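Student: With chain P's structure known, arrange chain E on it following the hints.
The primary structure of each chain is shown beneath.
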Amino acid sequence: MQTSTELGYNSKIEGDVIVTRIDAALGWFRKNSLWPMPMGLACCAIELMAAGASRFDIARFGSEVMRFSPRQSDVMIVAGTVTYKMAMAVKRIYDQMPEPKWVIAMGACASTGGMYRSYAVLQGVDRIIPVDVYVAGCPPRPEALLDALIKLQGKVANEPVLRLPKEAAK
Amino acid sequence: MSALELAQQLKAKFADLISDPVEFRGEVSLKVLDAERMPEVCVYAKAELGFDYLVDLSSVDNYGDDPRFTMVYELYGYGHRCHLRLKTDVSEEKSELPTVSTIWRTANWHEREIYDMMGVRFRGHPDLRRILMWEGYPYFPLRKDFPLAGKSSELPEVAFTKPAPLEGGPFVTIAGGKDRIAREPRVRIPETDALDTNARLERRKDIQEAHGHSHGPGPVEKAK
Numbered sequence: 001m002q003t004s005t006e007l008g009y010n011s012k013i014e015g016d017v018i019v020t021r022i023d024a025a026l027g028w029f030r031k032n033s034l035w036p037m038p039m040g041l042a043c044c045a046i047e048l049m050a051a052g053a054s055r056f057d058i059a060r061f062g063s064e065v066m067r068f069s070p071r072q073s074d075v076m077i078v079a080g081t082v083t084y085k086m087a088m089a090v091k092r093i094y095d096q097m098p099e100p101k102w103v104i105a106m107g108a109c110a111s112t113g114g115m116y117r118s119y120a121v122l123q124g125v126d127r128i129i130p131v132d133v134y135v136a137g138c139p140p141r142p143e144a145l146l147d148a149l150i151k152l153q154g155k156v157a158n159e160p161v162l163r164l165p166k167e168a169a170k
Numbered sequence: 001m002s003a004l005e006l007a008q009q010l011k012a013k014f015a016d017l018i019s020d021p022v023e024f025r026g027e028v029s030l031k032v033l034d035a036e037r038m039p040e041v042c043v044y045a046k047a048e049l050g051f052d053y054l055v056d057l058s059s060v061d062n063y064g065d066d067p068r069f070t071m072v073y074e075l076y077g078y079g080h081r082c083h084l085r086l087k088t089d090v091s092e093e094k095s096e097l098p099t100v101s102t103i104w105r106t107a108n109w110h111e112r113e114i115y116d117m118m119g120v121r122f123r124g125h126p127d128l129r130r131i132l133m134w135e136g137y138p139y140f141p142l143r144k145d146f147p148l149a150g151k152s153s154e155l156p157e158v159a160f161t162k163p164a165p166l167e168g169g170p171f172v173t174i175a176g177g178k179d180r181i182a183r184e185p186r187v188r189i190p191e192t193d194a195l196d197t198n199a200r201l202e203r204r205k206d207i208q209e210a211h212g213h214s215h216g217p218g219p220v221e222k223a224k
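So the sequences go chain by chain: P and E. Each residue of the first sequence is one higher than the one before, starting from 1 at the first, in the numbering used here. Each residue of the second sequence is one higher than the one before, starting from 1 at the first, in the numbering used here.
Please keep in mind that the hints were generated in silico from the structure rather than gathered at the bench. Keep in mind that a hint or two might mislead.
[As the list claims (entries may be wrong)] Now the stretches of chain E that chain P is said to cover, found in silico as 3 or more residues with beta-carbon under 8 Å:
1. 121 to 134
2. 140 to 150
[As the list claims (entries may be wrong)] No more than 25 Å apart at the CA atoms, straight line, and that leaves these computed lysine to aspartate or glutamate pairs for DMTMM-like:
3. Lys85(P) to Asp127(E)
4. Lys91(P) to Glu135(E)
5. Lys91(P) to Glu159(P)
6. Lys162(E) to Glu209(E)
7. Lys85(P) to Glu113(E)
8. Lys162(E) to Asp126(P)
9. Lys151(P) to Glu99(P)
10. Lys162(E) to Asp95(P)
11. Lys155(P) to Asp132(P)
12. Lys85(P) to Asp116(E)
Note that the structure is a prediction, hence the values are computed from the model and not measured. C-beta: ideal position from N, C-alpha, C; glycine also.
Only chain E is shown next, with the shape it has when bound in the complex:
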């Protein structure tokens, strides 16, 4: 019983609902064309085909494409030891699909995470609330239009949150460069990522202009 055979059995049962199985590097995936009927497919996969373990349930933000979100279900069976991947699309206007937490209990937290990070709701979920960010956080962080530094929001009773100081980052080492400070500057200005100059000394004015504040001289200046 290989994964491909199981996938073909699934395709045979739900002929129009599922696309043809795609195999890539030994992994088989299927696309379910209607997200609303996902629980039906999952019940069949668990009961008849023996996929009793939901390894992962994650979401992809196809920012710019319609439908915007893709849910990816990784299934595994301890009996036949095969993996299977099911994908389904959810559009941004709908942002909702039925839950599979009644089929595999682990989906409870996975779906809460998807709701927290992407904003996709799950109908029938016993307790759909944020799991990583705090209650009342107004944004959905893992969407592609949300900046890494975050946006300002209220932290009830404690503080305000402001966007984190990225200083031109995220930081990747600049190839070349005469010393460590040139290769890994503390502050990055992409236009003047100079390789031959002492990053801290000569760039201090550039940093001041770009970011509004600059850091102090540092150890290299004292050696002069």
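With the rest of the complex left out, here is chain P:
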């Protein structure tokens, strides 16, 4: 009789070997260790900091280190108003991130320009970089950002990894 909790995988029966597909394994590794590059530009950055602090811990989801170096990060969280002057720097930093990379546009300003429909504000960061998840809010609650991270994890887990070389060979 089993007194301990039954896990989905029982090492006594199946042995210490798991058979899976590389896509699934790499997807699982990637989604559980998405290191963000916090492009904190304005007020949303404060909520990003709150999401990184202890109450709404973003490290639970694997975003343990907020790498300010783009070369060592996976996901860029654009948090705040992107002015045209800053857009040049955002684009350059996005280009410096190694593949695979994703982008979360946090807040109204990063998604669409927000309340700033003016001459100085880029109307949405998706005009210069491809965005995977948009978070609405001004600023969005830290829980909303964590929800976006979970959605992004779902996207990352399903990304085909090995299909790319086959397409290149065609």
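Tutor: Using the frame of chain P, we list chain E on its own:
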């Protein structure tokens, strides 16, 4: 030592250069009639009268009036704790006046902002370049003839900028109106700002005609 007394001292020193002090609600302002001699006045104000803090240096665009720009200097003294305001006019053809950044170092960035937003140059400024917009931006945004949405320009190496989609804005709540969508429509057409109709449903065709595109049905239509 009140601000009015200090202003009168300043007027006594530069008799013809400065207008009479004007007091309004406790604030004293003086008009300097020749912008070229502004640094002289400022040096005297700082050294002799003790106005050692330039609180603000801003500009006003009197679009349609000549001279077009007015510079406003807010001075304050920590010793006597009095404020003083100095104004001077600059015409559009000249668009230039001497810098006061040698007198108060904070004027450095204020003057850069005035140059960026209005296009007024400061002679003798150590580093006069744009501070808020990017280098090479062709317009001066805070002039009254510049639209809020902006004009198209090139963003080097990154993108083009286009005027922002204002959709009939800027947006101010329309008084009255039966529901929130009528009071705060997403798209405004001033002629048909209807108060009694459902803004999204019945105006969709109007929006299509006015702006060339319309938004989708939205939640209210589904409730029907």
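Student: Now tell me, hint by hint, if it's right for this structure.
Tutor: For each hint, the structure was consulted:
Residues of the region 121 to 134 of chain E lying with their CB closer than 8 Å to a CB of chain P number 3, which satisfies the three-residue condition for coverage. With 6 residues bearing a CB less than 8 Å from a CB of chain P, the region 140 to 150 of chain E meets the requirement of three and the coverage assertion stands. For a cut-off of 25 Å, the pair hint linking Lys85(P) to Asp127(E) stands: about 19 Å separates their Cα positions. Taking the CA atoms of Lys91(P) and Glu135(E), the gap is about 17 Å. The hint holds against a cut of 25 Å.
With a C-alpha separation of about 24 Å, the suggested pair Lys91(P) and Glu159(P) falls inside the 25 Å cut-off, and the hint holds. In summary, the hint linking Lys162(E) to Glu209(E) is supported, as the alpha carbons are separated by about 21 Å, within the 25 Å threshold. Between the alpha carbons of Lys85(P) and Glu113(E) the distance comes to roughly 15 Å, so the proposed pair stays at or under 25 Å and holds. Restraint check for Lys162(E) and Asp126(P): the C-alpha separation of about 14 Å stays at or below 25 Å, so the hint holds.
Distance check on the hinted pair: Lys151(P) and Glu99(P) sit about 19 Å apart at the alpha-carbon level, within 25 Å; holds. For the given pair, Lys162(E) sits about 23 Å from Asp95(P) by alpha-carbon distance, which is consistent with the 25 Å threshold. Note on Lys155(P) and Asp132(P): the hinted pairing holds, with a Cα-Cα distance of about 9 Å set against a maximum of 25 Å. A hinted pair counts as satisfied when its Cα atoms are at most 25 Å apart, and Lys85(P) with Asp116(E) qualifies at roughly 13 Å.
No hint from the list above goes unmet by this structure.
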